[in-house]
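Colleague: Residues per chain are reported as follows:
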Amino acid sequence: MEISADIISLVSATLRISTPLVFAAMAGLFAERSGVIDFGLEGKMLAAAFVAASGAHIFGSEWYGLGLAIVCCVALSMLHGFASVTHKGDQVVSCVAINILMIGLTTALAAAWFGQQGLTPTLTDDRRFFEITLPFADAVSGVPLLGPIYSEIISGHYIFVYIAYIFVPCVYWVVFKTRFGLRLRAVGENPSAVDTAGISVELMRYKALAVNGVLVAFAGAYLSTAINANFFREMSAGRGYLALAALIFGKWHPKTALIACLLFGFADALQIRLQGVPIPGIGLIPVQFIQAIPYVLTVVLLAGFVGKAIAPGAIGQPYIKER
Amino acid sequence: MKKLIGILSLSLVLLFSLNVYAAKVAVIYDSGGKFDKSFNESAYNAAEKFKADTGHDYMDFEAANNAQIEQGLRKLVDRGANVIVAMGFAMADAVAAVAAESPDVNFTIVDVNWLQGDNLQQIVFKEHEGSFLVGMIAAMKSQTGTVGFVGGMDIPLIRKFHGGYEQGAKYVNPNINVLMNMTGTTPEAWNNPTKGAELTKAQIDKGADVVYQAAGGTGIGVLQAAADAGIFGIGVDANQNYMHPGSVLTSMLKRVDVAVYNAFKTTVDGNYETGVFTLGLAEDGVGWALDEHNESLISDEMKSKVEQAKKDIISGKIVVADASAQ
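Protein sequences appear in the order of chains Y and X.
If you count the first sequence from 1, position 269 lands on 269 in this note's numbering, and the numbers rise without skipping.
With the second sequence counted from 1, adding 1000 to any position gets you this note's numbering.
Incorrect hints may appear among the rest.
[Said to hold, decoys possible] Stretch-level coverage of chain Y by chain X, calculated; a stretch enters the list once three of its residues show a Cβ under 8 angstroms from a Cβ in chain X:
1) 222 to 234
2) 267 to 275
[Said to hold, decoys possible] To give an idea of the interface, some chain Y residues facing chain X are shown, with a C-beta separation under 8 angstroms as derived from the structure:
3) I17
4) A237
5) Q291
6) P294
[Unchecked claim] Pulled from the structure, derived: some chain X residues nowhere near chain Y, Cβ distances all over 10 angstroms:
7) M1140
8) G1217
9) K1265
By construction, these hints were calculated from the structure, which means they are not laboratory data.
Just so you know, even glycine gets a beta-carbon here, dropped at the ideal spot from N, CA and C.
Bound-form chain Y, shown alone:
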């Protein structure tokens, strides 16, 4: 059986487009399951993209860039924690502050360091990530059905794509099968019970935010050191918000959040491929309608199929020991 080139390209694009969403959604899952709203994924992703691109440029290796992006995002998560966990500030306000701060700061620092407002120098080939061809990809490409699936769809992506999809079962395991995960969920549902059991609510939330920072850093680094070879101002382009939507859409569960991310990615990939292509029997559809597909799909699915999304019980509430 032949798989048409269109389908291969569509599936492969879906995986690529969904990758930053998957990282950010998994990052958000840790924070929100622990009871801390993370609206700041957008700002952290942007910061990671900037730090990864400038780090890779200055230190001469894409891995330094990624490492620094992780450090930076964990620091921002800690800042969010300091404001909203330690000082019990409003979590949404703290997130919005991070988002706005990062839009301005990345642009300003790019201007100060590289003399280019909102742009970092283009990374040379030895300082960025490239697509990986998996072993035997060429050898098996002749095998019917499975050959093209392996060599065209599974092989030939950036390392981030593989890491993202490997992370999802790991996140599931950590959140649902480990003691850490049990405590994490408990902190988000009923912090006073956790406190009664002698576990520090604040420490748990800080730990969750640390994991959150690590994960979201991958999303940013993917944008600026793999797909692109430089940072461009506001290049996260709403992906952080989209990931948060996917998380809510997926009811704060890794499996369904992954499906939601893939759905957004698929809708976008489909939208790109339908532009300017006449549909049999209908003719050419104006580009505005095609570009509305992802949003229409979201609304229809959200209203019709997903049902009620129930947030973790204690989300958005700072924990206060004595009332």
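Got chain Y; can you put chain X on it based on the hints?
Modeller: Positioned in the frame of chain Y, the structure of chain X alone reads:
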């Protein structure tokens, strides 16, 4: 403390009195940002060149979003600008409003020709003519018979680039397949290089081996994806050949820099003219870029054909339709 304030105010007075007789020129960039390697950067470079040539300083303002434009214009007027160059169609309403309030200040606006006012210099380009030439180059270079176009925000101006490009490609090869994608319908479409790269990959999957971008910052992702995939990209507005030597086939030049430079220079020289100016191939307002980065990609035959077409367009033998006027 009193002494300090005294010194400060004295130095301020001195600072202002020194500048009071010099003409003040200003430029305001749109949401693509000063360093978009394209439209706004051309204006910035022209302003820098003006400063180097004449020794006159200039003022500038970067509008991070459309809501800041009017505020930015007012600020420049308050700071005493004699001429303000506004970059882009998104500034039209704000310029119309502020220009009406400040009759002593001249405004030059690029990509706009529909405003009314005695203190306005409106400059538009025949982007379709320049795009026609790069479309020809794309069609001559393409091995697959498929070339692509990636636009930024879906507006008539960008349709104009696409229309000219398609006509040029078909002029060389009537059977050529020209793919077209728009990044979005909001101003964010100028700032999304990741989406630009994705659109380019989709076009490559459909067989395109030359992709032309008219997408501001998003276009940086287009050229990057083209270079990564080993196909050709075509730059826009500014000369972008240097960005990926060997991969950027050529750039469609839109001489925004000339417009900005002239607006500044004529203000200083006192012969600034208001009105609507349309710059095409004949006026050297648009063109295609050939330099050390792409000369190995352009054969002599391609070059002579393009130059011939340029002459024919100027003489009226070839008429390039303006897609935005339809």
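Colleague: Each of the hints needs a verdict: does it hold here or not?
Modeller: Going through the hints against the structure:
1. 222 to 234: holds (count 8)
2. 267 to 275: holds (count 5)
3. I17: At about 6 angstroms, which falls below the 8 angstroms cut-off, the nearest Cβ of chain X leaves the hint on I17 (chain Y) intact, so it holds.
4. A237: holds (4 angstroms)
5. Q291: holds (6 angstroms)
6. P294: violated (11 angstroms)
7. M1140: Per Cβ check, M1140 (chain X) is outside 10 angstroms of chain Y; nearest 23 angstroms; holds.
8. G1217: Answer for G1217 (chain X): violated, closest chain Y Cβ roughly 5 angstroms.
9. K1265: Answer for K1265 (chain X): holds, closest chain Y Cβ roughly 25 angstroms.
Violated hints, listed in ascending order, are 6, 8; each of the other numbered hints is respected by the structure.
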